[in-house]
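Participant: Read top to bottom, the protein sequences are chains A, B, C and D.
Numbering-wise (UniProt numbering), the first sequence opens with residue 1 and increments by one.
Numbering-wise (UniProt numbering), the second sequence opens with residue 1 and increments by one.
Numbering-wise (UniProt numbering), the third sequence opens with residue 1 and increments by one.
Numbering-wise (UniProt numbering), the fourth sequence opens with residue 1 and increments by one.
Keep in mind the hints are simulated off the structure, nothing from the lab.
Please note that the accuracy of each hint is not assured.
Claimed, not checked - Sample of chain D residues with no beta-carbon within 10 Å of chain A, all distances over it, derived:
1. S38
2. A109
3. E142
4. G154
5. A200
Claimed, not checked - Label-pair restraints from in silico Cβ distances:
6. A:G86 - C:S49: 35 to 41 Å
7. B:V333 - A:G86: 44 to 50 Å
8. A:P231 - D:D84: 52 to 58 Å
9. C:G154 - D:G111: 54 to 60 Å
We put the beta carbon where it would ideally sit given N, CA and C, even for glycine.
There are 4 protein chains.
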Amino acid sequence: MQLGMIGLGRMGSSMVRRLLRRGHECVVYARRAAAVASLQKDGAIGAASLQEMVSRMPKPCAIWLMLPAASVDQVLGDLAALLDAGDIVIDGGNSHYRDDIRRGTELRARGIHYLDVGTSGGVAGLERGYCLMIGGENDIFEHLRPIFSALAPGVAAATRTPGRKAGAGSAEEGFLHCGPHGAGHFVKMVHNGIEYGVMAAYAEGLNILRNANVGKRTHEHDAETTPLRDPECYQYEMDLPEITEVWRRGSVIGSWLLDLTAQALQQDPELATYGGRVSDSGEGRWTIQAAIDEAVPVHVLSAALYERFTSRGQADFSNQVLSAMRHEFGGHVEKTGEGLK
Amino acid sequence: MQLGMIGLGRMGSSMVRRLLRRGHECVVYARRAAAVASLQKDGAIGAASLQEMVSRMPKPCAIWLMLPAASVDQVLGDLAALLDAGDIVIDGGNSHYRDDIRRGTELRARGIHYLDVGTSGGVAGLERGYCLMIGGENDIFEHLRPIFSALAPGVAAATRTPGRKAGAGSAEEGFLHCGPHGAGHFVKMVHNGIEYGVMAAYAEGLNILRNANVGKRTHEHDAETTPLRDPECYQYEMDLPEITEVWRRGSVIGSWLLDLTAQALQQDPELATYGGRVSDSGEGRWTIQAAIDEAVPVHVLSAALYERFTSRGQADFSNQVLSAMRHEFGGHVEKTGEGLK
Amino acid sequence: MQLGMIGLGRMGSSMVRRLLRRGHECVVYARRAAAVASLQKDGAIGAASLQEMVSRMPKPCAIWLMLPAASVDQVLGDLAALLDAGDIVIDGGNSHYRDDIRRGTELRARGIHYLDVGTSGGVAGLERGYCLMIGGENDIFEHLRPIFSALAPGVAAATRTPGRKAGAGSAEEGFLHCGPHGAGHFVKMVHNGIEYGVMAAYAEGLNILRNANVGKRTHEHDAETTPLRDPECYQYEMDLPEITEVWRRGSVIGSWLLDLTAQALQQDPELATYGGRVSDSGEGRWTIQAAIDEAVPVHVLSAALYERFTSRGQADFSNQVLSAMRHEFGGHVEKTGEGLK
Amino acid sequence: MQLGMIGLGRMGSSMVRRLLRRGHECVVYARRAAAVASLQKDGAIGAASLQEMVSRMPKPCAIWLMLPAASVDQVLGDLAALLDAGDIVIDGGNSHYRDDIRRGTELRARGIHYLDVGTSGGVAGLERGYCLMIGGENDIFEHLRPIFSALAPGVAAATRTPGRKAGAGSAEEGFLHCGPHGAGHFVKMVHNGIEYGVMAAYAEGLNILRNANVGKRTHEHDAETTPLRDPECYQYEMDLPEITEVWRRGSVIGSWLLDLTAQALQQDPELATYGGRVSDSGEGRWTIQAAIDEAVPVHVLSAALYERFTSRGQADFSNQVLSAMRHEFGGHVEKTGEGLK
């Protein structure tokens with residue numbers, strides 16, 4: 001089957017390579033000519049412009065966008081002007097599902113089909129395959145099934161869920177038609193919200209283990225700082241690379257994210273190359289906003305998001321307010337170091 | 001090798017079976033004679049009392065306790081009276097690591113060795129193997145290595161972590177000597193703290209998906225209830241069994257807990273047999289208390305614990321206070337149903 | 001000065017009475033004729049329709065809406081059709097600030113002025129006065145200053161903030177022009193977000209005090225429930241009405257909300273008339289959504305909101321997921337009562 | 001009445017001055033001779049040692065300790081050696097209530113009485129009076145009532161709670177016998193836990209207001225950063241000193257902490273002299289640990305505590321773990337600035 005791909009960053013280029021390996025034909029375009037050239041070496045058909053791309057594809061064509069969320073609307077506008085009724089556009093990036101609803105409606109008015117595809121898998125996806133969460137018309141989903149099937153990991157990637165019948169739907173292959181426009185990105189949004197929460201759970205736990213030696217550190221005694229009551233209970237020097245490794249086998253918290261954590265700690269137990277400014281790319285925020293609209297309590301998912309905000313200095317003013325209050329009522333002057341150290 | 005096992009509940013009996021299958025000899029005791037008899041059929045040597053158990057084992061003997069945390073001290077006291085210098089006691093249950101420090105010191109005074117072994121694996125452990133986090137003297141750990149090796153899942157249970165050399169320690173087999181007395185249960189404690197957080201992340205996310213149809217439900221408009229601003233954006237009927245299934249392949253949030261969630265939803269998409277009163281068995285609480293002693297922020301792990309408390313009605317009075325305040329300042333009268341429904 | 005008031009619920013009718021007492025003239029309208037009649041007795045001019053109201057007021061007129069947020073747009077539409085360039089509409093309800101921005105723009109196109117006024121004070125406002133947070137054009141704010149001044153508590157309601165010059169702005173009287181359209185409701189929104197957080201802090205703390213006798217309660221010991229380690233430390237029977245009373249004098253946490261809490265507990269220490277289903281009226285939600293847009297971490301404000309959601313059963317499915325997971329990995333069966341009781 | 005005071009820091013010296021002003025006699029001691037000398041000028045009787053202090057007081061004597069929590073046990077040990085049966089020791093500092101239980105028991109064995117007095121009021125207490133939460137034997141409490149009455153703010157400090165009878169207990173004066181040993185510090189502990197929560201609610205809310213101009217700031221668009229969807233809704237320049245001032249009159253969130261916040265912002269709207277490293281002095285931590293022992297959910301109080309930990313860099317490793325994970329699965333490289341700025 002033939003697919004056009006616009007956007008050849010980490011994700012887009014790997015997806016093209018996976019499709020090529022599985023016998024599909026890809027026409028590719030990106031602003032950076034080098035990215036196009038690199039994929040041409042691997043067998044893709046390069047295009048120097050949107051126009052050239054469309055002209056190289058027989059109608060009806062199917063074109064996949066793998067772009068930063070902020071660029072989709074502009075590129076989609078340019079592209080749609082070149083398309084005809086019956087053509088298909090797929091947005092595989094990190095769009096807000098509400099944009100999908102809007103785009104689906106706008107494009108439908110012109111006879112163009114639109115699918116939103118939440119794509120998970122990261123840089124490992126080329127080998128592992130991608131988990132695809134898909135929204136839009138069902139017959140368009142069915143039409144593109146060979147593409148989704150090639151991108152997805154396939155049935156063998158996990159053991160069969162007990163009670164599940166073989167061949168009962170595509171979820172077992174790693175792709176799923178979740179519902180109408182936006183449903184794909186909605187599911188992917190919540191997926192990422194969960195991802196933030198799971199990541200934070202590991203990170204907080206490892207921080208506790210790392211500080212299990214706090215009883216060895218000296219600390220001053222004053223009215224501002226409470227002494228540690230049982231320093232003899234915090235004398236452990238925990239080996240984080242070994243601990244994350246042992247958890248990978250047989251424990252209840254085994255996961256791919258744990259595998260990756262063990263891998264990072266194996267390379268550097270101190271993680272000293274990371275400063276700890278943690279980005280968030282939109283879905284985590286939208287997850288919370290959806291939860292609030294639905295009146296669903298999400299203590300954990302919110303906390304995980306806010307920890308990322310805080311890691312980037314966004315709580316600073318809040319903390320200054322606290323220090324100011326403490327100074328006003330108690331005459332407390334800020335300390336310059338962590339009291340317990 | 002020979003091991004005594006006291007406590008033959010879900011965990012203890014499965015561990016005995018796994019050891020028997022791998023050629024070890026087990027002397028078993030439990031208060032319930034039926035539990036002992038059942039394991040005798042599988043090849044274990046049964047004992048009708050602690051005394052009989054000890055008398056059947058050549059010295060120095062090694063005896064593993066797999067008991068509710070609240071019973072350990074009493075059984076251990078009875079058992080220790082029967083042991084001699086050089087004997088070994090292993091606590092594989094859910095003890096507080098501080099109890100291990102105390103017990104290790106007390107037993108050492110009498111020449112008895114003590115290991116604390118945090119054990120993860122659940123009911124699947126018989127087949128999958130157990131992840132073992134071990135604290136105590138290193139030479140005692142080495143002495144019991146064959147037992148740990150038989151209980152653990154083994155190297156093949158996961159792919160090798162990139163950068164890790166083959167044979168570099170036992171973690172790769174699924175067991176680890178974490179440090180002196182208490183270190184094993186400390187690591188297991190944090191493991192469970194993480195487990196609570198990871199579970200809550202999935203649970204909250206699935207609750208958002210389940211309520212993605214909130215825009216279809218009617219709701220009244222009054223000064224107490226804000227209307228949903230964009231009901232057209234919440235018209236999705238999400239298929240949770242299929243969504244959890246698709247996430248199992250290729251996604252960033254794949255995990256064993258997700259596998260189990262997919263399995264439960266496969267059996268009953270409504271989970272109607274569960275009332276949602278969630279227990280917590282100690283480690284989650286101790287994790288937070290340790291974090292606070294260490295001054296480590298654990299927003300996510302705490303929230304996960306508190307959600308369990310709340311599921312059991314423990315926030316009721318707090319909520320009554322809120323309603324009372326609202327009534328005092330605003331004349332607000334409690335509503336009898338969720339406003340958005 | 002003359003003011004029209006539409007909406008004569010708890011808030012609207014008290015505000016009219018306060019204005020009448022201070023010598024202003026009020027033309028009032030509400031759907032319920034009884035509400036109009038009641039205020040007529042107190043000196044207001046009643047109107048049986050929007051049309052009658054507008055016809056009774058010399059131009060340019062100023063009309064205040066005190067309506068449920070969900071009703072504002074419709075009434076405003078009906079009203080605006082009756083107004084002329086130069087007339088003023090004030091929305092004093094709980095509107096989303098984004099609606100103010102939209103309405104301000106729409107009405108400006110027709111020469112009609114619009115102010116948004118976040119109003120705090122509750123049922124006590126008739127006597128205590130109302131705190132007014134105002135958005136819109138500055139000269140319209142200045143024009144209505146006599147109205148705001150009459151509604152607000154006045155300078156004497158609190159001691160002068162040290163360092164603040166007398167007469168330096170209206171904030172000291174209890175009303176403030178916060179900025180352009182929406183600024184008033186934005187500030188009120190955050191005010192309510194803070195209110196939720198402050199209320200939750202008291203409620204949680206009182207719940208801890210109430211359970212300070214947990215060591216007296218018996219509890220069973222099993223693998224599902226951790227025993228309380230130090231029951232002798234939880235033997236207190238705390239007298240909540242007296243404790244909240246003592247905090248009212250000299251403590252750091254004195255506040256009006258504390259006064260009200262003491263009052264409610266004075267009436268009924270058990271708060272038995274409250275079921276603990278806590279409503280939320282919009283601003284708490286919008287506060288979190290604004291914080292997320294701004295990337296501002298709001299752990300406390302979010303938690304307070306989610307506790308309200310949970311009080312209304314909105315976490316039930318999430319808890320069922322947790323129970324299902326626990327059953328899958330550990331064979332845990334739900335307990336029917338709180339283990340610690 | 002005569003009282004000895006040991007510890008003449010901010011709190012102790014002001015309390016002595018308040019007692020002297022109200023006609024009580026104070027014998028004072030502190031390690032710093034200058035602190036003693038300063039109070040001698042105000043009419044106190046100075047002592048150069050514990051021994052001298054005790055020798056200057058007729059038996060039975062009552063001595064109040066106002067010391068950092070970490071110093072109490074040592075000073076109390078030295079002091080108790082000088083006391084006789086019938087003497088009274090009061091600990092007015094920030095002790096853990098469990099220490100009170102222990103000390104009360106130890107001292108009782110020697111006939112010495114012990115009261116624990118949680119003291120709130122801060123540097124303003126000299127003028128405003130102190131809120132006193134008292135634990136220990138009731139007759140000893142009654143014996144010292146004149147001292148407590150002099151330190152407390154008195155009935156006039158707040159309006160009478162509706163429904164409360166005049167003269168119905170001391171709470172209305174600002175002091176309360178809360179229960180047996182430890183009850184005073186238990187109530188003070190929870191008081192401080194609430195204080196942290198209330199403070200955090202204001203701080204988070206003010207941070208949202210401060211960032212209400214985020215739509216004016218430029219930001220780059222890439223796959224790591226989600227664009228702000230509605231920058232036109234975040235164009236406000238909020239005047240925090242005026243907003244906190246207006247909230248002081250008539251609003252639901254009026255409080256002494258708000259008064260102090262308005263005062264601090266009045267002095268410096270940017271709070272630029274504060275770095276935002278927020279201390280915590282023990283009670284906040286113990287509050288959470290008590291809540292967990294009681295299985296009481298305290299999302300808000302915990303979050304407030306953790307925000308303080310985080311303000312002191314204690315989440316850094318946790319954040320490094322997150323960045324490492326993101327790099328492993330997504331090839332994400334940390335950004336050096338906040339994406340939204």
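Participant: Please go over all the hints and tell whether each is borne out by the structure.
Facilitator: A quick look at each hint next to the structure:
Consistency note on S38 of chain D: stated as away from chain A, and its beta-carbon is indeed over 10 Å from all of that chain's, at 16 Å minimum. At roughly 23 Å from the closest C-beta of chain A, the C-beta of A109 of chain D stays outside 10 Å, upholding its exclusion from the interface. Non-interface status of E142 of chain D relative to chain A is upheld: no Cβ of that chain comes within 10 Å, the nearest being about 30 Å off. G154 of chain D, annotated as away from the interface, keeps every beta carbon of chain A farther than 10 Å; the closest lies near 20 Å.
For A200 of chain D, the requirement that its beta carbon stay farther than 10 Å from each beta carbon of chain A is not met, with the minimum near 7 Å. Against the hinted window of 35 to 41 Å, the Cβ-Cβ separation of G86 of chain A and S49 of chain C comes to about 55 Å, which falls outside the hint. Distance hint check for V333 of chain B and G86 of chain A: the Cβ-Cβ separation is about 58 Å, which falls outside the suggested range of 44 to 50 Å. In this structure the supplied range 52 to 58 Å is violated for P231 of chain A paired with D84 of chain D, their Cβ-Cβ distance being about 35 Å.
Separated by about 58 Å at the C-beta atoms, G154 of chain C and G111 of chain D satisfy the suggested range of 54 to 60 Å.
In summary, the numbered hints that this structure violates are 5, 6, 7 and 8.
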